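*Asks:* If you want the building blocks of each chain, they are given just below.
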Amino acid sequence: MKIMTCPMNGPRNIDEFQSFGPVRDELDPEQTADADWSRHLFRAENRKGVVVEWWRHVPSNYFFLAERDLVSNEIIRTFDASQRSGQS
Amino acid sequence: MAGLDAMPVFPFMQGGAAHGTMLPSGAVALTDLTASPRFGLKGGGSAAWLAAHGVVLPAINRIGSHRGMRVLRLGNEDILLLREDAGEPLAELRGAWESDTGPKGYSSWREEGWAWMRLSGPAIAEAMSQLCALDLRPDRFCAEDIAQTRVGHIEAVTFRAPAGFDVLFDVTASAYFARTVSAVARHCKQHQA
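Listed in order, the protein sequences are those of chains A and B.
Under my numbering, residue 104 is the last one in the first sequence; the count climbs by one each step, no gaps.
Under my numbering, residue 751 is the last one in the second sequence; the count climbs by one each step, no gaps.
Because the hints were derived from the structure by calculation, they are not lab data.
Values in this document were obtained by computation on a predicted structure and should not be read as measured data.
Reference excerpt, derived from the structure (chain A facing chain B, CB under 7 Å, subset only):
(1) 25
(2) 29
(3) 74
(4) 75
(5) 76
Even glycine gets a Cβ: it sits at the ideal position worked out from N, Cα and C.
Construct all of the structure, not just a fragment, from the sequences and the given hints.
*Replies:* Here's what the structure looks like:
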């Protein structure tokens, strides 16, 4: 069983969680070139490395952030969204 | 057709979706408390409104008490008040909330959206160990703790009752939950035999 540690509820079966994808820059469509805006809307990154993602603990409907290694699939750490400063 | 002021029909009642589903009794017993009063608030302003009305709020995933009600803090701004008898304090608090026009959070409709069931009986510890993956032994999970997790494979909130565990879950899963607990109860019985 894979365990993920929810910042609010503690260690739980990964089955209790839902992934909402990587945290992305919030671009201003008025200030962004069309090509960049199109890329932002329709293209997903597919790189190696560490990504910060939104996750939800389903039974408590709690959204939080997790750092995950895209190669090893290891969840490096999880934290509340209020601690997001400095994350990409 | 019943009027809007008609008594609500809960799943195990005559006319309810789970009517006729057997509730296990014996080594593992299941009691339906869904018709018991409760009051849930959710969203910005909920905690502040309750605090302003004298409710001392516990930490998240902990249970407090206020005038005979159990106060369950399910999130920063998600609070549920439970009372098993038709007590006045809960009705008074609800009345005050309904008549308030200021910022007050939102009703989370727990009295209609959630089933409230109680598991008890001599084999309750074994039954819960099969229904829930968490360590709920007394030294790890005390009377003031709340677990928001899965019980019987469905999303649920569980906490200790005077004799057993209370479980809150989506009311539409009532019949499924009763059948799941019945199956576990049969397994516990065979195991003990």
